[in-house]
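Visitor: Chain by chain, the residues:
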Amino acid sequence: MEDLFRRYGHTLTFAFMALVAFWLLALVILPNLTLFEASFRPYLPVTEIGGPKDTYSLDNYAKFLRNPSPWNVFGIELQAPLNVKTFLSTIFYSTIATFITFALSYPLAYYLAKVVQPKSLPTMILLLFIPLWVSEALRAFAWYIILTFNGPLNAVLVGIGLLEKPIRWQQGVLTGYDAVVIGLVYSYVLFMMFPIYGSIQSLDRNQIEASEDLGAKWWQTHWRVILPHAKPGIASGSVMVFMLSAGSLLVPSVLGSTNSNWFTQTIQQWMLESQDWNTGAAYSFLYILLCTVVVALAMWLFKVKLSDIAK
Amino acid sequence: MHKTRNFLFNLYFGLFLLYLFLPLAIMGGAAFNNNKLPSVYPWKGFTMTWFQQLLADQVMWTSFRNTILVALAVVVIAVPIGAAAAILINSISGRVRAALYGLMVAPILMPGAVIGISTLLFWNKASIPPGLHLSVLGQVSYIAAFVMLLVLARLQSFDSSLEEAALDLGASHAQVVRRILLPHLYPALGAGAAIAFFQSIENFNVTLFTRGTSNTLTVYVFSKVRSGITPTINALALLLILMTLVMATVYEVRRRRLAKVEAAREAEGRRAAALEEL
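Note that the protein sequences, when read in sequence, are chains L and G.
Per UniProt numbering, the very first residue in the first sequence carries number 1; after that it's consecutive.
Per UniProt numbering, the very first residue in the second sequence carries number 1; after that it's consecutive.
Calculated directly from the structure, the hints in this document are not laboratory data.
Treat the numbers as computed from the prediction; the structure is a model and nothing was measured.
Every residue gets a Cβ at the ideal spot worked out from N, C-alpha and C, and that includes glycine.
Possibly wrong hints are sitting among the right ones.
To be verified - Under 7 Å between C-beta atoms, here's a sample of chain L residues computed to sit facing chain G:
#	residue
1	Tyr8
2	Ile145
3	Gly151
4	Ala296
Stated by the list, open to error - Straight line, CA to CA, 27 Å or less: simulated DSS-like cross-link-like pairs of lysine-lysine:
#	chain 1	residue 1	chain 2	residue 2
5	L	Lys63	G	Lys260
6	G	Lys44	L	Lys119
7	L	Lys231	L	Lys165
8	L	Lys85	L	Lys119
9	L	Lys119	L	Lys305
10	G	Lys260	L	Lys119
11	L	Lys231	L	Lys53
12	G	Lys3	L	Lys217
13	L	Lys53	L	Lys63
14	L	Lys114	G	Lys3
15	L	Lys165	L	Lys63
16	G	Lys125	L	Lys53
17	G	Lys3	L	Lys165
18	L	Lys231	L	Lys217
19	L	Lys231	L	Lys303
20	L	Lys165	G	Lys260
21	G	Lys260	L	Lys114
22	L	Lys114	L	Lys303
Please work from the sequences and hints to get the whole structure.
Guide: Structure follows, in structure tokens:
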């Protein structure tokens, strides 16, 4: 700290500190504290704010547990509050999407890091980056066009005789969330691929060759040498894809149907349709909790530091 | 063995590219279909109507302008904040550093919707109504973290004894920053500005909750996709994709030319060395 004063003088150092203070206080800490505080207050008309009814309570959080409805979990009939069901489904299908993106990304990341000629690598990476620059709304919309009832996918599948009649993909075939998961995987697969690629790249090729020379089968080399080395990348990619999926509003809104509610959509309804910002705040806080738990879980599971995850 | 393996890998890469690009191609193709719904199937003939309708759409142009303005504002605010944060955190160590670092990267991991809502509630308390200015502040809160990470990485290769030397030779603090620190950071600041700009253009979640009644391009696209849906949106998509392709091609051509110049220079160096040996 004194070092900064010595190098840049008082004026500049204070300017740096003021900028950082503005960021962390006005843009990060205070807004989140406001959110936390608002989540315990009732939703009142403007005239009654600050009046006798404006007291702290857990009512907004209690709404989370209201409206029990039947829920079919893999053939077992359960009773669960509607919002809890949405929350758990969001977590579950975000996890599925994370696993699928990992399965798709790992071979590709290994290929780019260790198989491809270094000369053609920049071109290949550029090719992969192009779809990333196309807006997320449009990427979800592209799948909407493909999956619609009268769309090209049904036309092709019926045309080659794989299907007898067109399917309503957006209503779901396996689960109600098929189309949403397809859209999430398509939108976020590269957020998994690039971190894994980065971590495999730093692995010394000699280690792979040594393992092969010592008689390891290809899958043993991957399991015992490459995967452990790629751990920080996998952790980073998984947290990224999970958080992006669970926090996505575009993909579920464009590709979802009435029986595939996403928790962001629930929040959006409270905030923008009911205009009940206090309940919206309470639900947002649940998201922050989820986010914290997931990051902590990943750090513990993969034994990595926060600086490995957020890169 | 290696031949089959390489073949399979190349095949996988090809299929993966197809998987990434085919949906975009289908979406773009639908822009020319003379069908009231956005689809390539059934094909009802070629038309340019949707492009004409798009270019005549005033709302689209306003949204486009707003997007650019918001993105520029985000760059102007987030780059100095991110750079200052990196310089600050680079000069401290221990627990304080870990805590500050955690606080700074937390917004990257937080869902955009939550950032949008907390920004809205906080400024609303200060009686500042929602609007694009709040979208800017909300976006800066996490985009500054990207800039911070980039600048911090660049600072690792910074030789601070240069600053010492300048100070010993009588340079002022402002001169040290302008002549020594900033020139070293330029690549990271440039990359940070580019990332900030594109992140801002892409942003939907934060903007949706803070925008008030103004539109940005992503919000416009979203409302189009959800409501009436005409293929004008495909026309817009195609134009945006083409723009991306042009940018990527320019970048690639430049990179190859630079690589060629580099290779020529190296060859010349080798020839010169060989001549000297003779």
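Visitor: Indicate, hint by hint, whether the structure satisfies it.
Guide: Results for each hint:
1. With 7 Å as the threshold, the beta carbon of L/Tyr8 comes within range of chain G, its nearest partner Cβ sitting at about 5 Å, so the hint holds.
2. Taking 7 Å as the C-beta contact cut-off toward chain G, the hint placing L/Ile145 at the interface holds, the least distance being around 6 Å.
3. At its closest, the beta carbon of L/Gly151 sits 6 Å from a beta carbon of chain G; the interface hint therefore holds under the 7 Å criterion.
4. With 7 Å as the threshold, the beta carbon of L/Ala296 stays out of range of chain G, its nearest partner Cβ sitting at about 11 Å, so the hint is violated.
5. Of the supplied pair hints, the one linking L/Lys63 and G/Lys260 is violated, its CA atoms being roughly 65 Å apart against a limit of 27 Å.
6. Note on G/Lys44 and L/Lys119: the hinted pairing is violated, with a Cα-Cα distance of about 44 Å set against a maximum of 27 Å.
7. Using a Cα cut-off of 27 Å, the hinted pair L/Lys231 and L/Lys165 is violated, with the two alpha carbons roughly 45 Å apart.
8. Between L/Lys85 and L/Lys119 the CA atoms are separated by roughly 50 Å; this puts the pair beyond 27 Å, and the hint is violated.
9. With a C-alpha separation of about 33 Å, the suggested pair L/Lys119 and L/Lys305 falls outside the 27 Å cut-off, and the hint is violated.
10. Proximity of G/Lys260 to L/Lys119 is assessed by CA-CA distance (about 12 Å); at most 27 Å being required, the pair is judged to hold.
11. Between L/Lys231 and L/Lys53 the alpha-carbon distance is near 52 Å, which puts this suggested pair outside the 27 Å criterion.
12. Proximity of G/Lys3 to L/Lys217 is assessed by CA-CA distance (about 17 Å); at most 27 Å being required, the pair is judged to hold.
13. Between L/Lys53 and L/Lys63 the alpha-carbon distance is near 18 Å, which keeps this suggested pair within the 27 Å criterion.
14. Distance check on the hinted pair: L/Lys114 and G/Lys3 sit about 15 Å apart at the alpha-carbon level, within 27 Å; holds.
15. Distance hint between L/Lys165 and L/Lys63 is unfulfilled; the C-alpha atoms sit about 42 Å from each other, more than 27 Å.
16. Between G/Lys125 and L/Lys53 the CA atoms are separated by roughly 18 Å; this keeps the pair inside 27 Å, and the hint holds.
17. Our distance criterion of 27 Å between C-alpha atoms is broken by G/Lys3 and L/Lys165, whose separation comes to about 42 Å.
18. Distance check on the hinted pair: L/Lys231 and L/Lys217 sit about 21 Å apart at the alpha-carbon level, within 27 Å; holds.
19. Of the pairs offered as hints, the one joining L/Lys231 and L/Lys303 holds, with about 9 Å between alpha carbons and a cut-off of 27 Å not exceeded.
20. In summary, the hint linking L/Lys165 to G/Lys260 is not supported, as the alpha carbons are separated by about 55 Å, beyond the 27 Å threshold.
21. Restraint check: the Cα-Cα separation between G/Lys260 and L/Lys114 comes to about 24 Å, which is no more than 27 Å; the hinted pair holds.
22. A hinted pair counts as satisfied when its Cα atoms are at most 27 Å apart, and L/Lys114 with L/Lys303 qualifies at roughly 25 Å.
This entry does not satisfy hints 4, 5, 6, 7, 8, 9, 11, 15, 17 and 20, going by the numbered hints stated previously.
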